[in-house]
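A.B. asks: Sequence:
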Amino acid sequence: MEWGLEWLEQAGSGIAAALIQPFGYVAVLLVLLLALRQIRAERRLFHARLTAWPGRLLAALPAGLAVGVLVSAAVLFLGVDLNADAVIWLWCVSLLLGLVRLRFAAAAYGAGLVAFLQWLSGWFDWSGSPELIKRLAASLASFDAAGLLLIAGLLLPAEALLLWRSSRRLAGPVIVDGKRGRPIGGWRIDAVWPVPLLLLVPAAGTSAGAAELPWTPLFWSLGEPQGWTLLGLPVVIGSVWRTTSLLPAAKAARTARELLWTGLIAAVAGAAAAQWELLLPAAAAAVPALREIASFIERSREAAASPLYAHEGNGLRVLAVLPGSSGAQLGIEPGEIVSKVNGTAVRTPEELYDGLLANPAFCKIELLNHEGHVRFVQRARYENEHHQLGLVLAPFEDAAYTVSGAPRSLIGLLPWSRPFRRRGGSAPAAEVAHTAPASDPAAAEGRPSDAGSAAQD
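Per my numbering, the very first residue in the sequence shown carries number 6; after that it's consecutive.
Take the hints with a grain of salt, since some may be wrong.
As the list claims (entries may be wrong) - Now the in silico label distances, taken between C-beta atoms and shown as ranges:
(1) 139 x 301: 38 to 46 Å
(2) 416 x 375: 32 to 40 Å
(3) 48 x 137: 42 to 50 Å
(4) 302 x 139: 37 to 45 Å
(5) 58 x 218: 51 to 59 Å
(6) 338 x 82: 56 to 64 Å
(7) 403 x 318: 14 to 22 Å
(8) 134 x 420: 37 to 45 Å
(9) 48 x 70: 41 to 49 Å
(10) 137 x 22: 20 to 28 Å
(11) 71 x 48: 45 to 53 Å
(12) 416 x 14: 37 to 45 Å
(13) 82 x 420: 39 to 47 Å
Treat the hints as calculated values from the structure; they're not laboratory data. Just so we're clear, the structure is a prediction, and the values are computed from it rather than from any experiment. Think of the CB as a built atom: it goes at the ideal place given N, C-alpha and C, for glycine as much as any other residue.
Can you make the complete structure from the sequences, with help from the hints?
C.D. replies: Written out as structure tokens, the structure is:
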């Protein structure tokens, strides 16, 4: 009972200390900026918004919280020796790395660099250095960086699980430049989660827990009598993935497998460094390197694959479906091919529109599914109902805008950055003719649109 009360007191202090830190809010802001960037791109590319930023937050925050609870529970029994200085070092290094590449803002890279800096600083005598340098060196040496590596290693398998489970809610369609300069469709998965951790750490003095722990954490030193406390450590995990050859769920499943096995090895490396100090530099290199290896393997596979979201001679390829539209109610899925509408073969947006007009009271669509098999969907069309299907088609040659697929650094997430670029030689009219008709066929023939109200903001 005494330990339970002490636990509640320390947990309240740890949570309160974490709430006044800016780092947790920075993590949430990162997810929000990624969602807003995707929304800006969709408005320019498709004249519609398929992503909603509240949905992105609702998809990312509970999942990150669940991972935080699981990893914090694991650390209760493993043990790490960290303090508030460790939180500051990890976040300062992560933000600096994020200015180089966005994916480097993840905890695995920051923990690796902090551990390496701590190991490197131990080889120098800072006694004759300026006061600021001595204070920085003392701060860096005040915690066990192997604990950061252990946490980063445990987070990588958790990232793989989150990517596999929640990829669809974090994915959005894009148009990118293909290998030969032609525009092709794809999906970007903003798989980034803020993870709040509440870590059991050793502490001394009046702030330390007075009640004795019922167990001894594995990596705590038995020869040093000391108390304990709970430390709040918010971190960011994940990365931005892009695919032009797979459905978002298939892309996430394949990437998650790579992250899982590399993450398990990284977790072992972090645990080994926590147990044997001599392994610290090797683990400091291994944890971020393994994370980067998983990224490299997936990028190589994607570069070697043929694009999926391109039109073929047997119909129009669907890139995305607007939520709540007629196409969504019909059960049309991204990646499928619309081959006939009301008996009319469709190869262009104009033919799609003509097929819809052939029967104003009923809509029957012949599709080729992901396996290449024919399936039919149909529904009645009602008076005063918008005539659009709500489909975003794969891009045509004269698409006016493309995006790079992923921001290169944290700077690319700022509100004034442009997540899209105009293609050379394209005309603004082409932008309307081949992206808007998917959600509004009337625009395909240059007629005024009356279908945007449900799909727009």
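A.B. asks: Now tell me if each hint is right for this structure.
C.D. replies: Status of the hints after comparison with the structure:
no., hint, in the structure
1, 139 x 301: 38 to 46 Å, "39 Å, holds"
2, 416 x 375: 32 to 40 Å, "37 Å, holds"
3, 48 x 137: 42 to 50 Å, "47 Å, holds"
4, 302 x 139: 37 to 45 Å, "43 Å, holds"
5, 58 x 218: 51 to 59 Å, "42 Å, violated"
6, 338 x 82: 56 to 64 Å, "44 Å, violated"
7, 403 x 318: 14 to 22 Å, "19 Å, holds"
8, 134 x 420: 37 to 45 Å, "41 Å, holds"
9, 48 x 70: 41 to 49 Å, "30 Å, violated"
10, 137 x 22: 20 to 28 Å, "25 Å, holds"
11, 71 x 48: 45 to 53 Å, "32 Å, violated"
12, 416 x 14: 37 to 45 Å, "42 Å, holds"
13, 82 x 420: 39 to 47 Å, "43 Å, holds"
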